[in-house]
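From first to last, the protein sequence lines are chains Y and G. Each residue of the first sequence is one higher than the one before, counting from 2 in the numbering used here. Each residue of the second sequence is one higher than the one before, counting from 2 in the numbering used here.
Don't read these hints as lab results, they were simulated from the structure. Treat the numbers as computed from the prediction; the structure is a model and nothing was measured. Some hints here could point you the wrong way.
Same chains, same names: a pair is fine if it fits in one copy or spans any two.
[Unchecked claim] Simulated crosslink set (DSS-like; lysine-lysine; CA at most 30 Å straight-line): (1) K94 with K210; (2) K210 with K13; (3) K210 with K18; (4) K104 with K18; (5) K13 with K104; (6) K104 with K210; (7) K94 with K156; (8) K13 with K94.
Protein chains: 2
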Amino acid sequence: MVSTNDLEDGEKAALGKLPFTLASLAPQQDVVREGDRPTRSCLLLEGYLFTSKHIAEDRRQITSIYVAGDIPDLQSVHLEIMDMTLTSFTHCKVAYIQHSAIKTLCLENPRLALAFWRSTLIDAAMYREWIANVGQRSALSRTAHLMCELLTRLKAVGLSDGTSCDLPTTQTELADALGLSAVHMSRVLRDMRADGLIQLRGRRLTALKPAALAEVGDFDPTYLHLREKL
Amino acid sequence: MVSTNDLEDGEKAALGKLPFTLASLAPQQDVVREGDRPTRSCLLLEGYLFTSKHIAEDRRQITSIYVAGDIPDLQSVHLEIMDMTLTSFTHCKVAYIQHSAIKTLCLENPRLALAFWRSTLIDAAMYREWIANVGQRSALSRTAHLMCELLTRLKAVGLSDGTSCDLPTTQTELADALGLSAVHMSRVLRDMRADGLIQLRGRRLTALKPAALAEVGDFDPTYLHLREKL
DNA sequence: CGAAATCTTGAGTATAATCAAAAACGGTGG
DNA sequence: CCACCGTTTTTGATTATACTCAAGATTTCG
Chain Y
2 MVSTNDLEDG EKAALGKLPF TLASLAPQQD VVREGDRPTR SCLLLEGYLF TSKHIAEDRR
62 QITSIYVAGD IPDLQSVHLE IMDMTLTSFT HCKVAYIQHS AIKTLCLENP RLALAFWRST
122 LIDAAMYREW IANVGQRSAL SRTAHLMCEL LTRLKAVGLS DGTSCDLPTT QTELADALGL
182 SAVHMSRVLR DMRADGLIQL RGRRLTALKP AALAEVGDFD PTYLHLREKL
Chain G
2 MVSTNDLEDG EKAALGKLPF TLASLAPQQD VVREGDRPTR SCLLLEGYLF TSKHIAEDRR
62 QITSIYVAGD IPDLQSVHLE IMDMTLTSFT HCKVAYIQHS AIKTLCLENP RLALAFWRST
122 LIDAAMYREW IANVGQRSAL SRTAHLMCEL LTRLKAVGLS DGTSCDLPTT QTELADALGL
182 SAVHMSRVLR DMRADGLIQL RGRRLTALKP AALAEVGDFD PTYLHLREKL
């Protein structure tokens with residue numbers, strides 16, 4: 002969630018003056034991979050990205066999902082080696098910014114550096130919740146939790162009304178995010194549909210009973226550290 | 002792992018001039034709790050701390066373990082509300098530092114701010130690995146992984162030779178860190194002892210076959226972003 | 001329209017959870 | 001130093017959740 006959406010106007014203006022390169026990404030395209038030593042970071046303008054770690058062979062864990070406004074790999078400004086892979090779910094538009102430019106800007110504009118740092122800390126808070134989700138909750142509960150998180154984050158940046166959003170993932174990808182098998186993921190979603198909790202057709206998720214979904218998912222948005230009132 | 006151990010001498014000196022309050026913590030004592038709005042952070046001088054999140058009733062997930070030199074709740078400088086609880090495993094010594102003092106120092110010394118930010122990013126990298134550990138690895142493998150991580154981190158700060166360290170936790174606490182039940186934790190440890198992988202007596206952990214332990218735990222320390230050669 | 005990918009369902013299995021009780025351990029006070 | 005008490009660990013038995021394998025249905029996309 003390192004996000005430019007939290008920035009104040011002056012900071013956004015400063016960021017806008019940075020030299021950047023626009024690019025389009027096809028679905029399932031890697032932006033950077035584990036082991037890479039990138040010299041630029043990536044501002045997501047449109048679409049969804051995710052980060053994953055590869056465990057043994059043919060297993061992977063998705064560790065976060067990013068939406069428009071986020072800078073998923075801002076960390077690479079300070080950490081040389083990538084310890085995760087950044088990939089597009091959908092067709093995306095991104096702006097690449099050189100690390101050197103970001104570093105210079107942060108020195109000139111300490112408030113921006115602070116805002117970036119804060120965003121990093123929110124990322125960490127989201128990771129903590131993700132650990133708790135995968136470690137403690139049932140398959141049903143953790144699925145509901147992830148959906149609530151997405152709806153809440155997308156609402157905060159104006160990409161959802163809080164009950165409905167794009168969810169352009171396969172069930173296998175959802176399973177990899179939640180530490181479940183694809184088969185079990187399918188059954189959990191079937192049960193959620195049967196209970197009338199959600200509708201999931203094509204790439205559109207709708208929470209039919211938002212309150213019940215939050216209840217099932219044990220969802221409390223405090224960890225997102227949103228400044229706006231919900 | 003927000004850690005003062007990575008700081009350069011000049012930065013350590015700057016940090017040393019901050020006003021602080023020394024305190025001793027009894028075992029199992031909370032430093033800050035979920036929902037608190039602290040005005041100070043805590044530098045761990047001696048002992049082990051951990052952070053946890055409480056899920057439903059009588060379930061909790063431990064999300065990280067901290068050792069001497071770490072500042073586990075540096076995040077609270079920028080994030081108002083605590084989304085986790087910070088607790089002592091053992092008897093600890095800590096130094097409390099007011100947020101205002103840290104903020105001032107960061108403005109005066111941008112290099113220190115940068116070093117803190119970088120530490121924050123390593124925290125995030127460790128959380129990602131923790132997610133992958135709990136989400137993808139078997140009980141045996143994730144236990145081995147956690148042990149390898151602890152041994153490696155403690156070696157990096159001179160508190161272990163890389164094969165042996167203090168592990169002042171109950172099996173229930175280990176289980177809460179790994180997303181396992183206490184009963185299963187006990188069986189996993191029994192198996193690891195039977196295989197001659199580890200020795201675990203009292204509060205001392207020894208890797209009897211370090212290479213095999215790393216193999217079982219699928220451990221690759223890249224994500225710790227250690228600067229020193231191991 | 002056809003091929004490939006994705007999703008669904010069924011059947012059997014494995015890993016880990018739960019419940020319960022006994023054994024071992026660690027600290028305390030006599 | 002030893003006996004006692006509470007905590008922690010161990011073990012056994014049973015159950016539940018989720019995984020794997022496999023095949024068929026459906027959807028998506030070129």
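Tested hints:
{"no.": "1", "hint": "K94 with K210", "in the structure": "neither (33 Å within a copy, 49 Å between copies)"}
{"no.": "2", "hint": "K210 with K13", "in the structure": "neither (37 Å within a copy, 53 Å between copies)"}
{"no.": "3", "hint": "K210 with K18", "in the structure": "neither (44 Å within a copy, 55 Å between copies)"}
{"no.": "4", "hint": "K104 with K18", "in the structure": "both (14 Å within a copy, 27 Å between copies)"}
{"no.": "5", "hint": "K13 with K104", "in the structure": "both (16 Å within a copy, 23 Å between copies)"}
{"no.": "6", "hint": "K104 with K210", "in the structure": "neither (45 Å within a copy, 43 Å between copies)"}
{"no.": "7", "hint": "K94 with K156", "in the structure": "within (20 Å within a copy, 43 Å between copies)"}
{"no.": "8", "hint": "K13 with K94", "in the structure": "within (18 Å within a copy, 42 Å between copies)"}
Figure legend: structure checked against the earlier numbered hints; hints not met, in rising order: 1, 2, 3 and 6.
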